[in-house]
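Based on these hints, arrange chain B on the given structure of chain A.
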Amino acid sequence: MGQQDIDPIVRVSHVYLDYVNGRNRGTTIIEDASFSIQHGEKFVIIGPSGCGKTTLLNAIAGFLKPYQGQILVKDEPINGPGPDRAVVFQNFEQLFAWRTVLGNIVYALQVTKHLSKHDAIERARSYLELVDVAAAADKYPHMLSGGMKQRAALARALALEPDILLMDEPFGALDAITRNQLQLELNDIWRRTGVTIVLVTHSIQEAVFLGHRVMVMSSSPAQIREIVDTSQADKFGSTTFTDISTHLRSLLIRDETAQERVAELSAVE
Amino acid sequence: MRLSLAQPTVAKAYIVPSWVRYILIGIGFIIAWQLYVSYGGVNPLLVASPIATIQALITDTSNGQLPMATFNSLQNLAIGMAISIALGLALASLSTFFRFGRDILTVLTAVFSALPGIAILPLVMLWFGLTPTSIIVVVVQSALWPIATNTDTGFRTIGTTTRMVALNLGLSRFRIVRDVLLPAALPHILSGLRLAWAFGWRTVVAAELVFGIAGSAAGLGWYINNARYFLNTPPMFAALVVISLMGILVDGFFFWIERKTVIKWGMKLAH
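Listed in order, the protein sequences are those of chains A and B. The numbering of the first sequence is my numbering, which starts it at 1 and goes up by one. The numbering of the second sequence is my numbering, which starts it at 270 and goes up by one.
Just so you know, the hints here were simulated from the structure itself, not pulled from any lab data. Because the structure is a prediction, the values reported are computed rather than measured. Each hint should be verified, as a subset may be incorrect.
As the list claims (entries may be wrong) - Below 20 Å or equal to it, Euclidean Cα-Cα: the simulated SDA-like pairs (lysine to any residue) are:
{"#": "1", "chain 1": "A", "residue 1": "Lys139", "chain 2": "B", "residue 2": "Thr431"}
{"#": "2", "chain 1": "A", "residue 1": "Lys65", "chain 2": "B", "residue 2": "Asp448"}
{"#": "3", "chain 1": "B", "residue 1": "Lys537", "chain 2": "B", "residue 2": "Ile526"}
{"#": "4", "chain 1": "B", "residue 1": "Lys537", "chain 2": "A", "residue 2": "Leu144"}
{"#": "5", "chain 1": "A", "residue 1": "Lys74", "chain 2": "A", "residue 2": "Ser36"}
{"#": "6", "chain 1": "B", "residue 1": "Lys533", "chain 2": "A", "residue 2": "Ala137"}
{"#": "7", "chain 1": "A", "residue 1": "Lys117", "chain 2": "B", "residue 2": "Asp448"}
{"#": "8", "chain 1": "A", "residue 1": "Lys113", "chain 2": "A", "residue 2": "Gly82"}
{"#": "9", "chain 1": "B", "residue 1": "Lys533", "chain 2": "A", "residue 2": "Lys65"}
Next up, chain A with everything else stripped away, as it sits in the complex (with noise of 0.2 Å):
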């Protein structure tokens, strides 16, 4: 595609980070990370669970601060987390259950684009539209199902009109169908906002069908492997597709006996 560098959004640069917590105080998680994305870029992190995608995933969001290297957002480097990067979590518990849907939106906006009350309630109306749970507006997240908890909390995060949405495997704890759906309705929305889509996820399926660029993290501490172009893959079971997920598998899976089981059940399905 040649679009490296064009017009960078987020800039990382020699990046290392480290795990600081109790006993792992000071484990180097990423090493030595240098990528950039693209304003409007759809660009998804993958790697083996545990590697440390969610790690660098936290790091643009402003929660954690590398102990080596720069990142910049908008040519500025970061200064902890904010609202102009929005992030959707895995965990369902990311609505504040005392407030409803609406609710929870209409508090997002108040307080980080000071809009009136009114104001507030018409444009987090239009968001939980544009995610299909306009219907759910006045319940409690917990009388909502996964699926819908996650529409919701996408829909929280798209109406602070973010100049990056950050997703850390927001569909991983969701059934397969429910995912194909919103993994679908994503794509829909980013056609019509435009919005900078980070993606981590460790399904290879998802990061194909989803993402332009698929970065390739290896495991403790994690380095990049590949950032490989996958704008062209966007229709499932396509060879075009089958062949990049195959290429992806490869570089995921370096033991070479498992490479060859996971060719043979590649070759089965």
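Below, chain B alone, put in the same frame as chain A:
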């Protein structure tokens, strides 16, 4: 055959609502109590009958003595609770944001939470005399620690995701406490308040008993003690009934708040 006979009994028990069953049990006890006093050969100077108790309740309610005593006790408790809530929230917030705050709360709780409020009353009487201030101080000693520790636990057990959402929205510390930590910790805070109220209520009555005569601030404890001087048993029973009733009322109030908040929000299961 036995099974089919047992089943209707089980089904019937559920037709009667629980509050009716509780009231029936209560009435049963009152009848037993009346029969014991009437036919058990008890000295009426030592045990008042339910009828005498109700008569004392009516007399001392209509002449204002019992309502005044109840009001005084509740007032001291309310002031003590308000101070405890303010201090408890402040301590829990400090403990959440600063390690030093947490250390302070840990040490203070370890030292003071085992001390019954009533145990420090003699000392407090030396410092503040026979004044409502003394009662309020011992109430705070009883009520503060359950509030502070429960609120702190509530704040600390809030999920990482909830905290991250608050940070992602760029909330100020004040907003984080008011709009996120407080509602998210409400199940714990309410159980802390419930405990604090129960401790505080007992402490108020006990402290007033020790005080004996305390002029204008005379509460239910004083009322009981006063009746004892005159060997007037029915008012003593009447005051116990009032103390118990207040407990039931406040418990019902807490349950109502829970239904309107944490149960409605799915943060706590209905009883």
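Each hint, compared with the structure:
1. At most 20 Å may separate the alpha-carbon atoms for a hinted pair to count; Lys139(A) and Thr431(B) meet this at roughly 19 Å.
2. For the suggested pair Lys65(A) and Asp448(B), the alpha carbons sit about 26 Å apart, so the restraint of at most 20 Å is broken.
3. The hinted pair formed by Lys537(B) and Ile526(B) meets the criterion: a straight-line CA distance of about 12 Å does not exceed 20 Å.
4. For the suggested pair Lys537(B) and Leu144(A), the alpha carbons sit about 16 Å apart, so the restraint of at most 20 Å is met.
5. Proposed proximity of Lys74(A) and Ser36(A) is supported: the alpha carbons are some 11 Å apart, at most 20 Å.
6. For the proposed pair Lys533(B) and Ala137(A), the alpha carbon gap of about 16 Å is at most 20 Å, so the pair holds.
7. For a cut-off of 20 Å, the pair hint linking Lys117(A) to Asp448(B) stands: about 16 Å separates their Cα positions.
8. Between Lys113(A) and Gly82(A) the alpha-carbon distance is near 12 Å, which keeps this suggested pair within the 20 Å criterion.
9. Distance hint between Lys533(B) and Lys65(A) is unfulfilled; the C-alpha atoms sit about 38 Å from each other, more than 20 Å.
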